[in-house]
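These protein sequence lines map, in sequence, to chains U and A. Per my numbering: the first sequence = residues 1 to 332. Per my numbering: the second sequence = residues 1 to 512.
Be aware that a few hints might be false.
To be verified - Computed list of lysine to any residue pairs in SDA-like fashion (alpha-carbon distance at most 20 Å, straight line):
1. K177(A) <-> C124(A)
2. K250(A) <-> P424(A)
3. K135(A) <-> L125(U)
4. K494(A) <-> L465(A)
5. K135(A) <-> K62(U)
6. K62(U) <-> L125(U)
7. K254(A) <-> R340(A)
8. K182(U) <-> T134(A)
9. K314(U) <-> S141(A)
10. K177(A) <-> I230(A)
11. K82(A) <-> P69(A)
12. K91(A) <-> R184(U)
13. K313(U) <-> A265(A)
14. K145(A) <-> R315(U)
15. K313(U) <-> N439(A)
16. K145(A) <-> Y111(A)
17. K214(A) <-> D437(A)
18. K114(A) <-> K62(U)
19. K314(U) <-> T134(A)
20. K386(A) <-> S356(A)
21. K182(U) <-> I137(A)
22. K136(A) <-> F117(U)
23. K386(A) <-> R184(U)
24. K198(A) <-> D188(A)
Since the hints were made in silico from the structure, they are not lab data.
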Amino acid sequence: MNIAMFVHSAVTQGIPLLYGSTGEIITEKSGNLNLGIPGVMYVGAISGVIGAFFYENSLADKSRINSALAILIPLLCCLLGSLIMGLIYSFLTTTLRANQNVTGLALTTFGVGIGNFFGGSLIKLVKADITSVALSGTSYCFKRTLPIATKFGKVGEIFFSYSFLAYAAILIAIVAAIFLRKTRPGLNLRAVGENPATADAAGISVAKNKYLATCVGSMIAGLGGLYYVMDYADGVWSNDAFGDRGWLAIALVIFTLWRPDFSIFGSILFGGLYLVHFYLNEFIPMDLGTQSLIQMAPYVVTILVLIVTSMRKKRENQPPASLGLPYFREDR
Amino acid sequence: MERTEAIALKNITKTFGSIVANKNVSLHVFHHEILSILGENGSGKTTLMNMISGIYHPDEGEIFIDGQPASIQSPRDAYRYKIGMIHQHFKLIDVFSATENIVLGMEEGIYDLKAAEKKIRATCKKYGFEIDPTKKIYQMSVSEKQTVEIVKALYRGADILILDEPTAVLTPQEIRKLFDVMRRMRDDGKAIIIITHKLNEVLEISDRVSVLRKGEYIGTINTAEANAGILTEMMVGKKVSLNIERSEPKDLQKRLTLTNVTVLAPDGRAILRNVNFTANAGEILGIAGISGSGQKELLEAIAGLQHLKSGSILYSNPETGREENLRNKTPMQIRNLGVRLSFVPEDRLGMGLVGSMGIADNMMLRSYRKGGFFLLRRKEPRDLAKRIIEELQIVTPGPQTPVRRLSGGNVQKVLVGREISSSPTVLMAAYPVRGLDINSSYLIYNLLMKQKENGVAVIFVGEDLDVLTELCDRILVISGGVVTGIVDGRDVTKEELGLLMTKAHHREEEAQ
């Protein structure tokens, strides 16, 4: 058993969650409880896969892949796909004032369905015997790491052995934390999520903030899906492989008390908890049932955090006050 | 002093669906003056002000600011025209500090909370406000929150300040402080509009008074030439007798007897300590006390919503002559005992009514168990709703309109109407006239009086000592959860009540 390897796996497992939770925190800070995040991440992943698939197949010689294009095309496709999901959610909840929970859950179902539909289509297109699409060329470009990773042994493996999307996730989380705490637009956004009527009276556009936060949040979350396929899964798409990572990302939002900077450590912890059964299995052999029980750990931890914060009742640790509520200006 | 016009409204009209909130209203406000806008509840005062502050847009009419036509499309526009409104329900964000709330939505140079704090302290010093800019709103008292709101408006350079019922939530000392600040702002050249329905405050603070009635502009007079009689007449349109006609209680019968009732708060502190009293059928028992002294818990204990640590609540049933102990029974068990208890709670839309349901459906909350085996019987509640709307003159588009869309006074009428309709033997009402205008208040007083004459034991929790001494036959004074006296409503003076209301507090302080 190798600690460095475990940390490495925990991080790669945690990065999609970090993207998802950072995106969801920004969204929730605007008062939108986007339960469609699992669907958004799913769509982000499949959009990237579709882009990469057509790029790779347009090449005569797959070994002469252009790394810049191989990264840019899936990246843009992913951002576009998740942006559309964010727009759908915003339009339904902010413009049409549909119920946020219903819309979010519908969006998750929709996103997973869309992903599996197009995933299935691609699998049909390659006419392979296996039920997956492998994009090894694209994955190779996404997985490129710093050359120094191998030079520092375990330290290198723990700190430098990740792809650019992993570092981007951490950077985005830090930027999001600073944005929310230290900037005027961040203050405005938090105000919208806490009390939209007050924000409105202060001259802040509630709809604009909700749209922006939800769309930007969705795009960030979508990147988590892309990272999962291109890096974690080595460019192999198979339907439903993404699993419950979207829900874990939402649990992580609660676990980190709506703080993207805590989310960096939280995501690695969740990643570790998600995997720990593999490593435990080496010492104490256990059956699949027990392993699945251990895999529940992140959810159990989230419930514990909910219990503790609810008991302590510290106002700063509570969700945005108007989370999940629609805003009507002329409602008396 | 030269008087320049700060703001002028010309023929403003605003409707919400079929309800006309403002009709053809014209108003002028000058710099260096305090204008009161006086009107009953639902007379359109707040709606009118919301149009000046950009929350609503007028359907018709024009607004002039400093003589120029102004188009106020949003609150941000209002700030640009130097208009600041202090809403009745504060527009503050609880988890933000005072400074964060004050700078919210402002675009001035770089984002620097420290610099803003300094500027806020300077403003506070100038007008004599006392607030800590770093304090979080949820840790503040109501008065502090209001101060933050006023500082917020001033910080944005407001020249025209609108205060919507600013005194409703303040203690007399805080009101005095607020009025001092208002005068200082007026002398600084600001135009100040204060919305209120308390006549004494209008007479004390304002230079001129404009009166609205049912959305229409009635007139403006100089405060120096006004008195309570003139203003009341302008406000209600007809002369309202300010005396409550209290009938002598007759045929008194013991109805409720509370013995040594003690109720603990979740944190273990005693909210009610050894409360003893008797409520008789055929009289109104008033409960006086500083708010939060245990009035709410007392009523809830009787209604079966509070767990009693000790003591007993005995109900003498007039039909069977038996005595039932209501201690720690659920409301359902109490009703099954044949006890006809009606409760008008303080929190009308939270505890009393369901805001998103219509009047008819709200009536069913009391009668849903009647009807067939499976289906509800809807005709009776619907008829009852229509009767209550008619008898209590409730202004509503129809019995199916969600009650939360109605104005405060009408909501209260729905609740009181429902509770009385079940012909109770005990009627408990907590602050039934809070937020109501004079006309609606008297309607409620008369309803309570009629119940008393019908032999109901009425328990009335009030805050206005004048009303308590005019309405109630006996007044129980509660302070810090302890009954400090039960006095005759006909003999007692306000000063005596005031003393009793603060009595136990002193004892507690001495004990510490």
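Taking the hints in turn, this is what the structure says about them:
1. At roughly 13 Å between alpha-carbon atoms, K177(A) and C124(A) fall within 20 Å of each other, so this suggested pair holds.
2. Our distance criterion of 20 Å between C-alpha atoms is met by K250(A) and P424(A), whose separation comes to about 18 Å.
3. Proposed proximity of K135(A) and L125(U) is contradicted: the alpha carbons are some 63 Å apart, above 20 Å.
4. For the hint linking K494(A) to L465(A), the alpha-carbon distance of about 6 Å falls within 20 Å, and the restraint holds.
5. This hinted pair does not check out: K135(A) and K62(U) have alpha carbons roughly 63 Å apart, beyond 20 Å.
6. In summary, the hint linking K62(U) to L125(U) is supported, as the alpha carbons are separated by about 17 Å, within the 20 Å threshold.
7. Distance check on the hinted pair: K254(A) and R340(A) sit about 15 Å apart at the alpha-carbon level, within 20 Å; holds.
8. Annotation: proposed proximity of K182(U) to T134(A) holds, straight-line Cα distance about 15 Å (limit 20 Å).
9. Between K314(U) and S141(A) the alpha-carbon distance is near 18 Å, which keeps this suggested pair within the 20 Å criterion.
10. Of the supplied pair hints, the one linking K177(A) and I230(A) is violated, its CA atoms being roughly 28 Å apart against a limit of 20 Å.
11. With a C-alpha separation of about 14 Å, the suggested pairing of K82(A) with P69(A) holds against the 20 Å cut-off.
12. Under the criterion of a C-alpha separation no larger than 20 Å, the hint pairing K91(A) with R184(U) is consistent with the structure, at around 18 Å.
13. For the given pair, K313(U) sits about 17 Å from A265(A) by alpha-carbon distance, which is consistent with the 20 Å threshold.
14. In summary, the hint linking K145(A) to R315(U) is supported, as the alpha carbons are separated by about 17 Å, within the 20 Å threshold.
15. Annotation: proposed proximity of K313(U) to N439(A) is violated, straight-line Cα distance about 43 Å (limit 20 Å).
16. At roughly 23 Å between alpha-carbon atoms, K145(A) and Y111(A) are farther apart than 20 Å, so this suggested pair is violated.
17. Restraint check: the Cα-Cα separation between K214(A) and D437(A) comes to about 12 Å, which is no more than 20 Å; the hinted pair holds.
18. Distance hint between K114(A) and K62(U) is unfulfilled; the C-alpha atoms sit about 58 Å from each other, more than 20 Å.
19. Straight-line distance between C-alpha atoms of K314(U) and T134(A) comes to about 17 Å, which keeps the hinted pair within the 20 Å bound.
20. Taking the CA atoms of K386(A) and S356(A), the gap is about 18 Å. The hint holds against a cut of 20 Å.
21. Restraint check: the Cα-Cα separation between K182(U) and I137(A) comes to about 19 Å, which is no more than 20 Å; the hinted pair holds.
22. Our distance criterion of 20 Å between C-alpha atoms is broken by K136(A) and F117(U), whose separation comes to about 50 Å.
23. For the hint pairing K386(A) with R184(U), the CA-to-CA distance comes to about 52 Å; that exceeds 20 Å, so the pair is violated.
24. A threshold of 20 Å between alpha carbons decides the hint, and for K198(A) with D188(A) the separation of about 25 Å lies outside it, so the pair is violated.
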